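These are the residues of each chain, in order.
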Amino acid sequence: MDLQTLTYLVVGASFALYIGIAVWSRASSTGEFYVAGAGVHPVANGMATAADWMSAASFISMAGLIAFLGYDASVYLMGWTGGFVLLALLLAPYLRKFGKFTVPEFIGDRYGSKAARLVAVICLIVASVTYVIGQMKGVGVAFGRFLEVDYEIGVLVGMAIVFIYAVLGGMKGITYTQIAQYCVLIFAYTVPAIFISLSLTGNPAPQLGLGGTMTDGSGVSLLDKLDQVITDLGFAAFTAQKGTDLNLFLLTASLMIGTAGLPHVIVRFFTVPKVADARTSAGWALVFIALLYTTAPAVGAMARLNLVETIQVGEVGSVTGNLAYEERPAWFRNWETTGLLAFEDKNGDGRIQYYDENNASFAAQAEAFGWQGNEMVTVDRDIMVLANPEIARLPDWVIALVAAGGLAAALSTAAGLLLAISSAISHDLLKGMIRPDISERKELMASRIAMAGAIGVAGYLGMNPPGFAAQTVALAFGLAASSLFPALMMGIFTRRVNRTGAVAGMLTGLLSTLLYIFWFKGWFFVPGTEMAPNTPDHWLFGISPEAFGAVGAMLNFIVAQLVSRLGEAPPEHIQRLVDHIRVPGGSAPPLDH
Amino acid sequence: MQTSPDHNVYWKTNLKLVGGCLAVWFVVSYGCGILLADVLDRFSLGGYPLGFWFATQGSIYVFVGLIFFYAWRMNRIDRRFGLHEDAEG
Chain E
1 MDLQTLTYLV VGASFALYIG IAVWSRASST GEFYVAGAGV HPVANGMATA
51 ADWMSAASFI SMAGLIAFLG YDASVYLMGW TGGFVLLALL LAPYLRKFGK
101 FTVPEFIGDR YGSKAARLVA VICLIVASVT YVIGQMKGVG VAFGRFLEVD
151 YEIGVLVGMA IVFIYAVLGG MKGITYTQIA QYCVLIFAYT VPAIFISLSL
201 TGNPAPQLGL GGTMTDGSGV SLLDKLDQVI TDLGFAAFTA QKGTDLNLFL
251 LTASLMIGTA GLPHVIVRFF TVPKVADART SAGWALVFIA LLYTTAPAVG
301 AMARLNLVET IQVGEVGSVT GNLAYEERPA WFRNWETTGL LAFEDKNGDG
351 RIQYYDENNA SFAAQAEAFG WQGNEMVTVD RDIMVLANPE IARLPDWVIA
401 LVAAGGLAAA LSTAAGLLLA ISSAISHDLL KGMIRPDISE RKELMASRIA
451 MAGAIGVAGY LGMNPPGFAA QTVALAFGLA ASSLFPALMM GIFTRRVNRT
501 GAVAGMLTGL LSTLLYIFWF KGWFFVPGTE MAPNTPDHWL FGISPEAFGA
551 VGAMLNFIVA QLVSRLGEAP PEHIQRLVDH IRVPGGSAPP LDH
Chain S
1 MQTSPDHNVY WKTNLKLVGG CLAVWFVVSY GCGILLADVL DRFSLGGYPL
51 GFWFATQGSI YVFVGLIFFY AWRMNRIDRR FGLHEDAEG
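As they're listed, the protein sequences go chains E and S.
The first sequence begins at 1 in our numbering and counts up one residue at a time.
The second sequence begins at 1 in our numbering and counts up one residue at a time.
Just so you know, these hints were derived from the structure itself, not from any lab.
Please note that a few of the clues may not be correct.
Looking from chain S toward chain E, a few residues come up when the C-beta cut is under 10 angstroms (computed) [stated by the list, open to error]: (1) His7; (2) Cys21; (3) Ile34; (4) Leu35; (5) Val39; (6) Phe43; (7) Thr56; (8) Ser59; (9) Ile60; (10) Leu66; (11) Asp78; (12) His84.
Just so you know, these numbers come straight off a predicted model, no measurement behind them.
Backbone N, C-alpha and C fix where the C-beta goes; we use that ideal spot for every residue, glycine too.
Next up, chain E with everything else stripped away, as it sits in the complex (with noise of 0.2 angstroms):
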């Protein structure tokens, strides 16, 4: 059986399992549809959680970060985990407590303003809205490698893919369905690095194999010999800092708020029976993320080995140190269909040289072997993940799992910003403002309306993407650090701010941020309306736009307290509802509304 068929298996078989899933397991009332039913068991809402977390941006574009930045790439490892910390420490118990359907609803009741939530669901919508382009973009690279089409194909075949299983869904439906959606990607992410692993140091735990010895008998360790693989080829070295302390610190501090921030995270917390379930839930949900997590590092360092072997086949320098491009491999002649790999022969000689054409120290050395640029003109980071267990000649099955897994994690994370779309829309604009008499029916059709419209948006912007999946996720977090995180733990941890002060303080965050992103990534991203270039010169402090939203939240925290304080403290009854959530006991389910 070719692969080509053999994928279409793999990954169809992957569709009817979770398509037959939601059929199964449909919402029949707005509680099953918003939460569940709050009767998740808090393990398996842990698997759910880390399957509705991890994202394309996760799966395919975090390795591939890490391939190219190295030791700076973990800046999205730390962030990416560590926010569960925050999560779990300072929100998901007393708003589980709270009890009942949206992140949004919180805030309006705990700051008793209409306006409150109104800026929530718009905090909420563009963070979701953001987020979910990283995932089309993702859809589209795994299905235009997959069916062999083009790029925007790819995004419109996604679209439909996730269009039939979001609206089947629901929160019940989507629970269900991520768990074996969390199965499927991190067997089709482990696996490869097993095989890789081994194949290079003997390891199979890719964890150790990271810091084992090379078995090709240098007996020089992994990491030594890619940091002077790379550095003989004028690349900076793999475990050196290339960012300031600084920006590392903020980037690490947005995407860990961020974490905490999001509301397509956070309402996982609200489907456990209980406040103390909320609390293990978490370090669940952390356990099932850091098999991938602590494993990404291996697989990026082990990629990259990889293809620079690939191309640099002999002695830096000489002649045939170089691949003769009619040699190239097959997954290279794959991956150039989809534009996302690109040769350009700069020098005439017909052999691939790829090096860093911008360090000025290794010019003069290039040029005099006859180099006259990287001719690996386009290598895109995202592909990493997706070319490695071919580029490590694994078996045929292996690569059609990858294809599998890929899906998996960008279609899981898809339903549930779709549903935290969908339920802002549906339940705090609908329900909440406009019609708070809409027949419960009404609503659950309401809500699946509200995804349709939210998939055509994301769709469109996963055509004209910002950046790397993984920065344009990055974002989202910056949004929802310096929006919603630090409105929620104010809401539970003071009770001194009033109304007034979460929104100036939220305005304040947001609008802070979303400038600073804008300024540097063009107006709503559109190309050609950046303000200033996107580059560490131009940067405020060389503090990157993604790194920004930890600012943000800083701005949101101070300005929220000192206009709190110029006003009166929240009424008796907003008080109360802070004491209630601060203890556990007499949970009631989120059902009785």
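Starting from the known structure of chain E, fit chain S onto it as the hints suggest.
Same frame as chain E, now just chain S:
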């Protein structure tokens, strides 16, 4: 529900535990993984430079441990204050 003195003590106990856990959270990631990474990289652990290990592996293991530790301690504190959900049926 009124704020009883018991609830105030409960909340302060919780805040102390949260503060302690967050201190560890900060040290392993921002401390060992970023600010002190250069210094720690002079040592090695299982073939990894130590700072690089904290940034890509160690901090994540500690995070997992921290959440379960917090959940376990909070369950005990809930029981001590008679606030555990099982107590109310």
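Quick rundown of the hints versus the structure:
1. His7: holds, 6 angstroms
2. Cys21: holds, 6 angstroms
3. Ile34: holds, 5 angstroms
4. Leu35: The hint holds - leucine 35 (chain S) has a Cβ within 10 angstroms of chain E, the shortest such distance being about 6 angstroms.
5. Val39: Violated. Min distance 12 angstroms.
6. Phe43: Result: violated, 13 angstroms to nearest chain E Cβ.
7. Thr56: Result: holds, 4 angstroms to nearest chain E Cβ.
8. Ser59: holds, 5 angstroms
9. Ile60: Check passed: Cβ of isoleucine 60 (chain S) comes within 5 angstroms of chain E, closer than 10 angstroms.
10. Leu66: holds, 6 angstroms
11. Asp78: Holds, about 6 angstroms.
12. His84: holds, 7 angstroms
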